[in-house]
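Student: The primary structure of each chain is shown beneath.
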Amino acid sequence: MPAAVVATTVFRELAVQAAEALGTASLPLLVIEHPLGGEPPERVALKAEQALRQLDAALKG
Amino acid sequence: MEPHFSSEVIELEDSLEAVNAYFLERRWADGLPIVPPTPERVVAMLRGVRGEPDEVLGKIPPAWHEATLEKLAINAVMAGCLPEYFPVIVAAVEALLDPAFNLYGVQATTHPVAPLLIVNGPIATAIGMNAGAGAFGPGWRPNATIGRAIRLILVNLGGAWPGAGDMATQGQPSKYTYCIAENEAESPWAPLHVEWGLEPTQSAVTLFGGENPHNVNDHVSQTAAGILTVIADTMATLGSNVKWYFNQSQVLVALGPEHAATIAASGFGKAEVKAFLWEHARLPFGKLKLGGMWGIHDWPDWMNATADDGALLPIVPSPEEIFVIVAGGPGKHSAVIPNCTFSRAVTRPITRLPA
Chain A
-17 MPAAVVATTV
-7 FRELAVQAAE
3 ALGTASLPLL
13 VIEHPLGGEP
23 PERVALKAEQ
33 ALRQLDAALK
43 G
Chain B
1376 MEPHFSSEVI
1386 ELEDSLEAVN
1396 AYFLERRWAD
1406 GLPIVPPTPE
1416 RVVAMLRGVR
1426 GEPDEVLGKI
1436 PPAWHEATLE
1446 KLAINAVMAG
1456 CLPEYFPVIV
1466 AAVEALLDPA
1476 FNLYGVQATT
1486 HPVAPLLIVN
1496 GPIATAIGMN
1506 AGAGAFGPGW
1516 RPNATIGRAI
1526 RLILVNLGGA
1536 WPGAGDMATQ
1546 GQPSKYTYCI
1556 AENEAESPWA
1566 PLHVEWGLEP
1576 TQSAVTLFGG
1586 ENPHNVNDHV
1596 SQTAAGILTV
1606 IADTMATLGS
1616 NVKWYFNQSQ
1626 VLVALGPEHA
1636 ATIAASGFGK
1646 AEVKAFLWEH
1656 ARLPFGKLKL
1666 GGMWGIHDWP
1676 DWMNATADDG
1686 ALLPIVPSPE
1696 EIFVIVAGGP
1706 GKHSAVIPNC
1716 TFSRAVTRPI
1726 TRLPA
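Keeping their order, the protein sequence lines are chains A and B. End of the first sequence sits at 43 in the numbering used here; the numbers just go up one at a time, nothing left out. End of the second sequence sits at 1730 in the numbering used here; the numbers just go up one at a time, nothing left out.
The set of hints was computed from the structure by calculation and includes no laboratory data. Remember, it's a predicted structure, so these values are computed and weren't measured experimentally. Possibly wrong hints are sitting among the right ones.
[Stated by the list, open to error] Taking lysine to aspartate or glutamate and the DMTMM-like style, the derived pairs with C-alpha atoms no more than 25 Å apart in a straight line are:
#, chain 1, residue 1, chain 2, residue 2
1, B, K1664, A, E24
2, A, K29, B, D1673
3, B, K1664, B, D1608
4, B, K1662, B, D1683
Work out the full structure: start from the sequences and follow the hints.
Tutor: Here it is as structure tokens:
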């Protein structure tokens, strides 16, 4: 089953470090603008679109 | 005969300045100068426990490097430990690697949290740990360096560098070192490790993923109910992580011995202390809706069904999720230590004492 990981920009380094250490470096990483918490619904929706565009590209990749 | 190491042996100029420059530039430390981990010092540290140097205890997240006894010994030397402290460090790492502790979460969260080591049993006295005045503070080599060794292990094997593997927004001073012994001699009750089913004569270490201690000042109460009411008020605050992720919320209460004696004089055992705190450390539903993690919280159905803004809701699922120890010296102060709500306290017996 295809899978992807979502991380905000400041967590990108942590996500890459963990993926490489666990042998899953090829797993698609969808990076969205930080932060995610404390955001109004319209900005969360924009970030969801950001992730979806990357997911679409990764699945077609 | 030269000792054999799995780790790379690096030759550097024979000076503290050169060694520290090399280690600190590579982020192999905590910002403070280290004791150079020479082969002789590492071999001596390894003699402090039973086991082979290449024995793997597990992998330390989020970098997931292997925690061999040799790697732990190197970090223990760097922290300034004596070999007789090493069995405590090995048992602590075993506890950190218990899945219930969720070390990945404790390492990588934005929440200020660090593993607090609580040492119980005869080893605490044998190695000279401080359980009395200033137990959470400076001055005693085993408290200071055992806690520092754990931090160096979390940085060097776990990749917990601030802003990278350790994502704490502000961090906290206890990320340098966080290690105490329980003041068993002045406790009116059974010590922590006995509550976990171990014999009083068994040495043990408990790991608790906690914030810094929050002070509780009560100079006037002369009853258990009085002191515990003030402690309960300190436990239940809107900004604390505890209560939002309800099922894994835990709180450690470190009673100063004078508070513990007053509470015990009212006829309270530990079970009564926990029951009282669970009943009284609560927040009104209407206040919980003001902010914090309201809306992204994880509560059981019975709490989500609350409708009355005045309903007082508990911060932990049961009295058993409140841990009570005695720590410190003279004075009318105690401390409350909330956990990070995705890690559970773990106790391990200290078993690798050398023959």
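Student: Look at each hint and say if it fits the structure.
Tutor: Consistency of the hints with the structure:
Proximity of K1664/B to E24/A is assessed by CA-CA distance (about 22 Å); at most 25 Å being required, the pair is judged to hold. Our distance criterion of 25 Å between C-alpha atoms is met by K29/A and D1673/B, whose separation comes to about 23 Å. Of the supplied pair hints, the one linking K1664/B and D1608/B holds, its CA atoms being roughly 18 Å apart against a limit of 25 Å. A hinted pair counts as satisfied when its Cα atoms are at most 25 Å apart, and K1662/B with D1683/B qualifies at roughly 11 Å.
When held up to the earlier numbered hints, the structure conflicts with none and fits them all.
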